[in-house]
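Peer 1: Using our numbering, you'd call the opening residue of the sequence shown number 769 and step up by one each time.
Rather than coming from a laboratory, the hints here were simulated on the basis of the structure. Backbone N, C-alpha and C fix where the C-beta goes; we use that ideal spot for every residue, glycine too. Incorrect hints may have been included.
Pairwise CB distance ranges, derived in the manner of DEER restraints [to be verified]:
#: 1; residue 1: 963; residue 2: 773; range: 21 to 31 angstroms
#: 2; residue 1: 770; residue 2: 959; range: 29 to 39 angstroms
#: 3; residue 1: 1007; residue 2: 797; range: 24 to 34 angstroms
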Amino acid sequence: MTRMADFKPSHFLWRVDGAVAAIRLNRPERKNPLTFESYAELRDTFRALVHADDVHAVVFLPNVDNFCSGGDVHEIIGPLVAMDASQLLAFTRMTGDLVKAMLHCGKPIIAAVDGVAAGAGAIIAMAADMRIATPQAQTAFLFNRVGLAGCDMGACAILPRIIGQGRAAELLFTGRTMTAQEGEQWGFFNRLVAADALEQDALTLARRIATGPTFANGITKTQLVAEWSMSLDQAIEAEAQAQAICMQTKDFERAYKAFVAKQNPVFEGN
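Please work from the sequences and hints to get the whole structure.
Peer 2: Below you can see the structure in the form of structure tokens.
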């Protein structure tokens, strides 16, 4: 197994507190844009989390009032203009692989959004399992505004499932900013909290999840993604099989014994 508490990334901030990992992009002077290197390192980090037994939940935090402004104009957008078709496809596949890694890392992810979440920053928030934001959050899937299609990094598949087809279509066709209030009303954000409470609120939720039955939580995350492409009958059967597996865990037995003893269960992830 991988021990992520010892991980020292080069292109973003990382810490593990208890069983909760916190990620924070570290270019606040430019609203935390991504580079080729940070894209790849984030992808590799979420891939490694599959094998991490010391991390049970992940929080993606803002840095100095902004979440992420997307791809760096000078370090990504400029070089892309000069690339050939094969190089461009390698890049777009790499960015899509970050979303795949987030979806399949086996750990619940919470995005704590403040200020700007634009382009790939909006996508990272979208790919999280839960999103908490401040009233100042400004989320923009702005690909259309730079001459690109809205179908970037899974946006056309994932965003309509969160906020509905018509609302997603409007954001992806116009690139306009979704206000925090719209995001909450439409179900993109689980809730809005004051800026000075955002980090603590997100970490509190992550710690609550991390103290739960971590094996079962991983199954829940797997099924949330896998059932997108299943019929209802297939989904019900898949959940029957998944739940039968969870019923074989010690955590299920611990929960039963704790209930009988009128105590709170202490889960150990097995």
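Peer 1: Looking back at the hints listed earlier, which ones does the structure fail to meet?
Peer 2: 3
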